[in-house]
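As a plain string of letters, each chain reads:
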Amino acid sequence: MNMISFVATTQLALKNIWRWRWRLLTIFILVAGSFALFVLYSGMLTVSSQIGVAQTVELNLPYDLMVMGDQNSPIIPESQLPTPKFRRPILKKAETGSSIIVKSETGQIELLGIEENSHFFKSDFLIEGNWLVDEDDIVLPSQMADQFDLSLGDEFYVYNILQDGVQVQYKFIISGFYQTDYDLDLPLIKTESAALIRQDAAPNRFFIQYNRAESELPHLVEWMRAAYPDAVLIYPTVTTDMGTALLQQIFQPGRWLLVLIFMFMGIGVLTVAFITFLERRRELAIMKSIGVSNGQIVYALGLEQGSAGLVGVIAGMIIVMLLGQRISWFSAIPSSELAKFVLQGSFYTLAVMIAAISFPTILAKVATVNQLLFARNIPIVRTDIDHLAKPTGWILMREDKENLRFLKFDVVDGRIEGILLKEVGDRVKEGEVVATQEMYLGLRYHEWRSPCDGEVVEYNRDSGHMAIKPDDPEAGRYPYPAHILQDEIRHQKNLEQGRRRARLENSVQTSK
Amino acid sequence: MENTKRPILETVNLNKAFYLGEAVYAVNNVNIQVMPGEIAIIVGPSGSGKSTLLSLLGGLDRPISGDILINDKSIVKLNEDELALMRRKNIGYVFQFFNLIPHLSALENVELPMSISGMARNEARERARFLLDEVGLTPRSHHRPDQLSGGEQQRVAIARSLANKPAVVLADEPTGNLDSKTRDMVIELFCRFNETEKQTFVLITHDTSLTSYAHRVISMMDGKIEDIEVRPR
Ligand SMILES: Nc1ncnc2c1ncn2[C@@H]1O[C@H](COP(=O)(O)OP(=O)(O)OP(=O)(O)O)[C@@H](O)[C@H]1O
Ligand SMILES: [Mg+2]
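Quick mapping for you: the protein sequence lines, in order, are chains A and B.
Take 722 as the starting number for the first sequence in this note's numbering and just add one per residue.
Take -13 as the starting number for the second sequence in this note's numbering and just add one per residue.
It is possible that part of the hints are untrue.
Taking lysine-lysine pairs in the BS3-like style, the calculated list, with each CA pair at most 25 Å apart, reads [what the hints assert, rightly or not]:
hint : chain 1 : residue 1 : chain 2 : residue 2
1    : B       : 151       : B       : 59
2    : B       : 151       : A       : 1150
3    : B       : 63        : B       : 75
4    : A       : 1150      : A       : 1122
5    : A       : 1143      : B       : 151
6    : B       : 184       : A       : 1150
7    : A       : 1150      : B       : 59
8    : A       : 1143      : B       : 210
9    : B       : 184       : B       : 151
10   : A       : 1129      : A       : 1143
11   : A       : 1061      : A       : 1111
12   : A       : 1150      : A       : 1214
13   : A       : 1214      : A       : 1111
14   : B       : 210       : B       : 75
15   : B       : 167       : B       : -9
Quick caveat, the hints were computed from the structure, so don't treat them as lab data.
None of the values given here were measured: they were computed from a predicted structure.
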C-alpha cells in the first residue's frame, strides 16, 4: 500500500462508517456500556472490600491475641518465654461452693464451683480455638469471671453425667479471659466437646488475654512473635489482611460477572460484524474484483468497526466520569486503581473486538469473488487428500495384492455429500480431483485427488471407497503404518489355518 | 510472425462442476486461447457455462481441475491476495449483474480501481470523468447506482473496467441492457480501445451482430467448446 492507496482506502472506510452509522452505533453502545460497567463494577468491588475491611477492624475480638503455631511444632514452656514488660494482673479470688447445673443434649454438665467448682463456653468456635496451654488450661468469658469472681490460675471442675449414669469429671485451670456477651441459659459445653478438650487438645494454639490497655498490645505481639517465630498471630489490627482475603473470596463471583460482561459484548459485536459482512458480501466481491487487496480490505473493515470500538471506549470513560460524580462511593476508588481498571477495560475491549471482528474478516479474505457475489459457502479450511485417512487392514491388503490405490469419501445413504467427478472407467491423472466435499456448513472443503495416473476401476457407493488402478505398476504408495497390513496378513493366515484344520477334520470324519 | 506470438489468455483442460444433486459440469474440459490485442466473443445458449468460464478466466472462481494461464503464468495456485493484485494490474471485469458499490457515485465507482492502486487523486478523477464521458454518462457522474438504470449501471461498470488500462477486459453481457444506440457507442469504444491501447477484450454476448467485430468467436454448449472461429483482421 502506498500513501495514495492508503488514503483512498481510509476514505472508503470513512464513507462506510457514515453509511453503516446505525449498525456501528450498536457496536458503539455495546462497547461503551460494557466498558463503563466494567470500570464501575471493578471500582465497586474495590470500594466494597475496603468498607468490609473497615468493618472487620472494628470487630470485637474475644481475645487480645491468638497464637496459632504449627500443629506439630513443640510448645515452648512459659518459663522459657521472654519476660514481659508488664505483670500478670491479679483478679479477685473466687468464693468456693457456688455451682450451677447446665443441661446439654447428650447429658448434663455440672459446675461444681470455683476452686473446686467450674465453668466454660457455649460456642463450638471457641472450643475449636483450643485455648489450652496445658491440657487443663481454659479461657473463660470475662463476664463469667465477674459473675463468679474467678481469676487467673483458679481451678474448677466439670462434672458430666452421661445418659447411662456414668459420671465424668474434668479439671481445668483458668489461664485467660475473653470479652464477649455470654448467655448463661445455653449449654456451656457439649459432652463431646469436653471430651475433645481433654483428649485432643492442640497445645500450640491458644489465646492470650491480659485485659490491659490497648497500647500494650504491640508489646504482647512482639513478645509472642519472639517466642513463636513460625506461629500465626491474630490480633485486632492484623485482621485487616484476613478481612481482605475473606472479602475477596466473597466477591470472587463478581469477577465472573466481569468476564460475562465482555463475553456478551463479544457476542454482540460478532453478531453485528457478521450480519454486516453478510449484507456487504456483494460489495466486497466487487472490491476484490477490481483488485482491492486483502490488506486493504482488512484495514478498511478494521477501521470501520475499530473506530466504533474506540469511540465506544472513549464514551465509556465519559460515562464513568459523569456517573462518578453522582455516585457517592466513586471517590473512594484510589486513582491508581481507577487508572488500572480503565487500562484493563480498554485492553479487554481491544481483545474482544479483534476476536469478534476477525471471523467475518477471515471469511472476506479467503472467499473467492464468486463465493461472495453469489452468497455461496466460504470454506475456511481447505484440504487435499490423496490417501486413506483411516486405513483398514482389509483395504490395504487389497491395495497390496491387486496393486490398487484407494480413496474413501464420506457417504450417507449411498450418496457422497459433495461432487463425485469420476466414475468407474474414467481415466485420472496424478493430482486430479476425483471428488469434492463441503463440510461443517461449508466452512470446510475437501478435495480428493488421485494419487497416481491410472483408471478408476471400482467405486463402492455404500462405503465410499474408490479404487484406482495405476498405469505404472511400480507407482509410489502412501506410507501407511506397516503394522496395519502385517496384522491383517497375520489375521488372514490364522483364519486360513483354522479353515484348513476344519477341512482336515471334516475329511477325516467323512473318510471314517 | 503471428505464430510466434504467445496467447495472453489460455486454458488447459479446464473444469468446473457444481453440485446439484449430482455433479454438473458448467465448464467441461475447456481449452481456449486468446491472443493479445484480440476481441474474443463467447457465445452460446443460456446456461451453457459462459459466465462460469469468464469468471474462471478472471480468477473470480476456482476450477476443480485444469490450468488457466495469463501471460503464460498460471493463476490457479494463486491465493486470493495474489489474485486481487493480478486483477488490479491485468484485468478489468464487467459482471453480468450487480457491478457497482452501492453507496459510491458513478464517478467514485470508476475512480476506485485507480485510487486503490495508488494513482494520484486528480489524475484518477480526470480519467474517471473521461471514461464516463466515453460511455455517455457525464450528466450522471454524481448519481448513485440506485439512481441509475440497469443500462447506465452497466456502462459505469464498463468505464470502470477500463480505468487501470488493463491488458485484458472481461465483460459478461456488457451490452445486454442497452438500446441499439448506446450499444453501438459501447462497441465503438471497445474497438477504439482495442486499437489504441492494444487491449484484449473477451466478451460474452447473445447479440449476434457483435460477432462482426470479433477476431475470435468461441461457441459454447453444455459447458463444452463447440466451435472456435478465428477471423482475419
Ligand atoms: N453456483 C452455482 N451452483 C450451481 N450451479 C451453477 C452455479 N453457477 C452456475 N451453475 C450452473 O452452471 C451452468 C452454467 O451457468 P452459467 O451462468 O455459466 O451460464 P451462462 O452461459 O452464463 O448463461 P446465461 O447466458 O443465461 O448467463 C448452469 O446450468 C447453471 O445452472
Ligand atoms: Mg451468464
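Comparing the hints with the structure gives:
no.	hint	in the structure
1	B/151 to B/59	holds (19 Å)
2	B/151 to A/1150	violated (39 Å)
3	B/63 to B/75	holds (18 Å)
4	A/1150 to A/1122	holds (22 Å)
5	A/1143 to B/151	violated (41 Å)
6	B/184 to A/1150	violated (38 Å)
7	A/1150 to B/59	holds (21 Å)
8	A/1143 to B/210	holds (17 Å)
9	B/184 to B/151	holds (10 Å)
10	A/1129 to A/1143	holds (13 Å)
11	A/1061 to A/1111	violated (53 Å)
12	A/1150 to A/1214	violated (36 Å)
13	A/1214 to A/1111	holds (23 Å)
14	B/210 to B/75	violated (29 Å)
15	B/167 to B/-9	violated (36 Å)
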